[in-house]
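Protein chains: 6
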Amino acid sequence: VLHAYYSKQMDVQHSRNAISWRKLFLSRAKLKATGNTSALLSGFAMVALVEIGIEPDVPSWLMVVFCVNTTLLVSIHLLAVMISTCILPHIEAVSNVHNVNSVHESPHERMQVFIQMAWTFSTGFGILLFLNEIVLICWIKFNVKTVNNNITAAWAATAVVIPVGILFLVFAFHFYRRLIAHKFQQTNMGLQDLDKMVTELGNQENDFNDIENV
Amino acid sequence: VLHAYYSKQMDVQHSRNAISWRKLFLSRAKLKATGNTSALLSGFAMVALVEIGIEPDVPSWLMVVFCVNTTLLVSIHLLAVMISTCILPHIEAVSNVHNVNSVHESPHERMQVFIQMAWTFSTGFGILLFLNEIVLICWIKFNVKTVNNNITAAWAATAVVIPVGILFLVFAFHFYRRLIAHKFQQTNMGLQDLDKMVTELGNQENDFNDIENV
Amino acid sequence: VLHAYYSKQMDVQHSRNAISWRKLFLSRAKLKATGNTSALLSGFAMVALVEIGIEPDVPSWLMVVFCVNTTLLVSIHLLAVMISTCILPHIEAVSNVHNVNSVHESPHERMQVFIQMAWTFSTGFGILLFLNEIVLICWIKFNVKTVNNNITAAWAATAVVIPVGILFLVFAFHFYRRLIAHKFQQTNMGLQDLDKMVTELGNQENDFNDIENV
Amino acid sequence: VLHAYYSKQMDVQHSRNAISWRKLFLSRAKLKATGNTSALLSGFAMVALVEIGIEPDVPSWLMVVFCVNTTLLVSIHLLAVMISTCILPHIEAVSNVHNVNSVHESPHERMQVFIQMAWTFSTGFGILLFLNEIVLICWIKFNVKTVNNNITAAWAATAVVIPVGILFLVFAFHFYRRLIAHKFQQTNMGLQDLDKMVTELGNQENDFNDIENV
Amino acid sequence: VLHAYYSKQMDVQHSRNAISWRKLFLSRAKLKATGNTSALLSGFAMVALVEIGIEPDVPSWLMVVFCVNTTLLVSIHLLAVMISTCILPHIEAVSNVHNVNSVHESPHERMQVFIQMAWTFSTGFGILLFLNEIVLICWIKFNVKTVNNNITAAWAATAVVIPVGILFLVFAFHFYRRLIAHKFQQTNMGLQDLDKMVTELGNQENDFNDIENV
Amino acid sequence: VLHAYYSKQMDVQHSRNAISWRKLFLSRAKLKATGNTSALLSGFAMVALVEIGIEPDVPSWLMVVFCVNTTLLVSIHLLAVMISTCILPHIEAVSNVHNVNSVHESPHERMQVFIQMAWTFSTGFGILLFLNEIVLICWIKFNVKTVNNNITAAWAATAVVIPVGILFLVFAFHFYRRLIAHKFQQTNMGLQDLDKMVTELGNQENDFNDIENV
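Residue numbers (our numbering), protein chains in the order written: chain A, 1 to 214; chain B, 1 to 214; chain C, 1 to 214; chain D, 1 to 214; chain E, 1 to 214; chain F, 1 to 214.
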């Protein structure tokens with residue numbers, strides 16, 4: 001009976017640890033994906049800014065929008081890169097130590113808000129701004145005198161991006177809804193399991209006391 | 001007898017888990033391949049858009065088609081990249097936990113439709129659009145006055161792409177047909193195995209009850 | 001005797017599995033190598049097409065050849081990339097499951113013809129076309145008025161490529177001959193081994209029956 | 001009793017080793033992240049310097065600032081790369097030897113100040129300077145006569161970067177504060193554990209002497 | 001005695017296998033290194049060929065030399081890439097099978113001459129040709145009218161490369177001499193070991209026969 | 001006693017092996033780091049050489065210095081790449097064989113001087129030359145008539161690099177001093193350990209002889 005009692009207690013501890021490790025692995029995978037995608041897209045955006053040839057008859061407001069879009073795009077991705085390179089080493093250091101309890105020494109739970117921010121910036125705003133960038137490049141290259149102000153090409157590019165943007169928002173909405181549903185269901189299951197364990201533990205403790213009292 | 005009975009039951013459970021893990025690994029491999037190919041091809045397409053020099057005598061409709069094709073190409077690949085970077089960390093986090101049952105906590109079955117979409121977009125439409133892009137670049141570079149409207153070169157490029165496109169469709173058709181045949185045959189085999197196990201289990205249960213009744 | 005008999009039977013099964021796994025690993029390694037080389041070379045070819053400046057006095061037939069060569073090169077490599085990204089995830093998924101018998105669930109034997117095609121396209125035609133591309137670029141850059149029609153430079157490049165092409169074909173010929181000789185010898189050895197095992201198994205079975213009959 | 005005494009002593013030793021290994025893994029992860037980010041960003045900065053076309057009417061002071069910013073950016077990242085490639089092999093060599101005590105032979109504790117320097121340079125100043133670089137490129141490209149001195153675009157880019165810079169500083173401040181709080185709490189916990197162990201060890205030693213004296 | 005006899009025989013077999021595995025790992029490492037370096041350098045050479053602007057007053061013989069050098073450089077590296085991608089998958093497939101005897105099924109011993117060729121081409125001629133390429137680019141860029149025929153710069157570049165080329169040859173000479181000395185000494189040691197084992201084996205066999213005869 | 005004697009002897013052997021393995025891992029890590037950094041920096045330098053536009057009024061001596069610097073930079077890094085790709089496969093082949101004694105068959109001790117040379121070239125001179133390259137590019141781009149001989153920008157870049165160069169030398173000096181101090185201390189410790197072991201071994205041998213003599 002004694003043995004079962006302790007093994008039960010260790011189960012509770014173990015399943016709490018397992019949930020913590022899962023969160024740690026999720027944070028690590030998110031930060032890694034964030035770093036790579038962000039570096040790639042900000043690199044392309046910067047090359048586009050440096051190498052694009054701007055004709056004198058590009059309308060002034062278009063240049064302003066292009067400038068703001070590029071700067072915002074690069075800034076957001078750099079911020080994501082910085083958050084990723086700041087937090088990732090601390091998580092890596094913990095996940096390399098083969099000690100089940102060391103998970104509580106990782107800063108990924110305190111930094112959760114920054115990890116989430118890097119993630120949303122990089123995959124959310126970052127990709128929308130990048131889609132926008134492509135449309136702006138089309139406007140700058142085709143709505144100029146040297147190619148006879150081919151405004152149709154620029155509008156066509158805009159028309160293509162709109163349904164993609166909508167598809168993007170639909171995916172984002174569904175993804176977060178399903179994720180939350182999934183998380184809710186899982187947490188529920190986890191809580192029920194913990195509840196059941198604690199109850200059993202309580203009963204066993206009583207039994208155990210009874211035995212001791214006898 | 002009792003031992004065989006439980007080990008049989010665990011076999012059924014185990015083989016269900018094995019199928020789930022296989023699906024998880026397949027989803028992960030697909031998303032990884034998707035991310036890499038998409039990032040590469042969208043990068044090349046964007047460089048082409050920024051660096052191509054467009055002569056004033058390129059026909060207007062050609063610019064429209066080029067613009068639409070490039071935007072569509074980049075959009076589709078970015079959508080695939082986004083889906084990949086959204087779902088992949090959740091799958092990675094699960095596959096790092098060395099617990100056979102944790103497979104059911106991965107969102108890859110609920111997200112199956114998005115994974116399939118990213119996959120089809122990236123390897124299906126994405127590559128067809130890229131082939132198209134090459135032909136359009138040939139038309140823009142060679143059907144202009146500065147190289148004496150070398151329309152033969154442009155048509156030759158178009159002629160080369162057509163059989164490749166057909167080969168592409170033949171492969172896609174055969175691949176999906178064989179895959180479905182393969183999957184059907186495997187599922188059948190799996191079902192028969194499960195069926196056989198369940199039958200045996202039933203028999204054993206009866207035997208077991210008989211023994212108990214005696 | 002009974003134990004030896006079963007262990008023999010398992011040996012036969014095991015050695016069949018081992019051959020299947022070897023084929024699976026070979027297919028995986030081929031597809032991986034194919035994907036990387038193809039993406040690299042098609043990327044370089046596309047950059048060359050976009051960035052090359054074509055003078056108006058380049059002969060018309062040269063542009064046609066250049067156009068056909070580039071399109072064919074990119075198409076073939078893209079086809080190889082597509083085949084690779086389609087089949088690879090299914091093979092990866094199987095090779096991650098640590099179950100010796102799961103090798104028969106991999107589609108790499110049914111898809112053998114496509115894997116071989118991707119392989120031959122990517123390393124065979126693909127590299128020959130790339131060598132050709134270099135020579136064509138030399139002709140386009142040096143046989144023009146602005147550098148005084150330096151036809152010697154262009155012919156020199158052509159002269160350099162011819163022995164390399166011959167060396168290439170010699171290697172390809174020897175490689176396939178040796179590979180087939182190697183495979184033939186190995187299959188022979190494998191068959192003899194199996195034959196010997198089966199014979200021994202038969203003998204043992206007889207012995208076993210004899211023992212049982214006694 | 002004797003066994004418990006030695007195992008306690010080994011626990012103290014072990015937990016000291018564990019902390020050392022954690023520091024080693026943290027240093028390694030930091031240096032790796034540093035090397036990659038720095039190489040990437042310094043590469044982009046150099047490409048920007050070489051490829052940017054500078055109009056004759058760019059104000060003189062702007063060129064000076066751009067020149068200083070680029071040189072500083074590349075220098076800082078190269079210094080980080082050098083520190084990383086100098087120290088990393090010594091840490092890698094130690095972490096490959098599967099001997100728990102070899103951690104004390106790694107130079108990462110003596111070199112702590114340089115590792116911290118590389119880290120701060122690469123993720124701190126490096127990214128701020130890169131944000132600055134983007135704004136300077138916008139000023140150089142848009143505040144020139146050929147695009148009608150579009151000073152609004154340049155100011156817009158500057159306006160975008162300011163809140164990002166503030167967000168950046170807030171994150172840096174919070175990150176270091178939380179990290180220090182986290183480290184303080186952990187060190188405290190570690191010290192208490194060590195203290196408790198030493199006390200217990202002392203008691204046991206006394207017990208042990210008592211037993212021996214008896 | 002019997003046991004020692006068989007264990008001795010297995011030692012001989014084992015040490016032959018170990019040497020074969022070492023050769024296999026060496027071949028694999030060589031081919032991998034070859035593939036990466038070659039792809040990188042041939043890529044840079046091709047970019048240089050496409051992007052270099054050739055002034056009309058570059059002497060005709062210089063263009064011929066540049067053309068020959070670039071074509072040779074790219075051809076040699078592509079040949080090395082092809083050999084590498086052809087043989088590597090067969091070696092990878094063998095080294096993934098965890099069967100000590102499967103080493104004899106790898107084609108790396110029959111293909112030794114091609115592996116050595118790829119290796120020498122890629123690291124030997126390939127790098128010498130690349131050094132040459134840099135000098136030729138300097139001559140083409142600086143010995144033209146637009147920069148006032150700065151022949152000193154071109155000669156200075158040539159002067160720098162000569163000592164490096166000599167250092168290169170010295171290293172290559174020393175490397176092969178030491179490697180051969182190392183291999184000779186090792187083979188010697190290996191042969192002596194085998195010799196000693198065979199002698200001991202012979203003695204034991206005699207002893208064994210003596211025992212049997214008794 | 002006998003057992004302790006042999007286990008002592010194996011300890012001496014083992015600790016000699018451990019030191020050899022550490023050196024091997026250090027050499028491997030150094031060569032890997034060298035290869036990557038060198039390839040990256042030489043690639044950037046070559047792109048800069050090909051793509052930089054040189055105005056006719058750049059002073060002649062500046063072009064000479066730029067030419068020498070670029071050639072030296074690329075040569076030194078290529079030499080480091082070659083040394084790395086030559087020696088690395090031999091070390092990799094040894095470190096893949098899971099035999100503790102095979103460490104003595106690796107050529108990394110005989111080749112120590114070349115490994116050290118590649119290392120010093122790549123991280124020492126290589127990075128200093130790269131810093132120099134940036135300053136030279138600033139001089140070539142800003143000290144020309146088209147941007148009104150902005151000599152201030154060029155001097156500012158030079159002024160920025162000087163403190164970085166000093167910091168670089170301080171780091172290099174401290175790094176080597178600390179490394180040598182560290183190595184000295186460690187060797188000392190190792191020697192004392194060996195000494196102690198040998199002494200104990202001698203004592204035990206005497207004891208052992210005494211026992212045998214009795």
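Derived by calculation from the structure, the hints in this document are not laboratory data.
One or more of the hints may lead you astray.
Only some residues are given here: those of chain A computed to face chain B with a beta carbon under 10 Å [what the hints assert, rightly or not]:
1) Ser27
2) Glu51
3) Pro89
4) Phe130
5) Arg178
The beta carbon of each residue, even a glycine, is placed where N, CA and C say it ideally should be.
Verification of the hints:
Because the beta carbon of Ser27 of chain A sits about 8 Å from the nearest beta carbon in chain B, less than 10 Å, this interface hint is met. A distance limit of 10 Å between C-beta atoms decides the matter here; for Glu51 of chain A the minimum to chain B is near 6 Å, and the interface restraint holds. Nearest Cβ of chain B to the Cβ of Pro89 of chain A: about 18 Å, over the 10 Å cut. The hint is violated. For Phe130 of chain A, the suggested interface contact is upheld, since its CB lies about 6 Å from the closest CB of chain B, less than 10 Å.
With a least beta-carbon distance of about 5 Å to chain B, the hint placing Arg178 of chain A at the interface is held under the 10 Å criterion.
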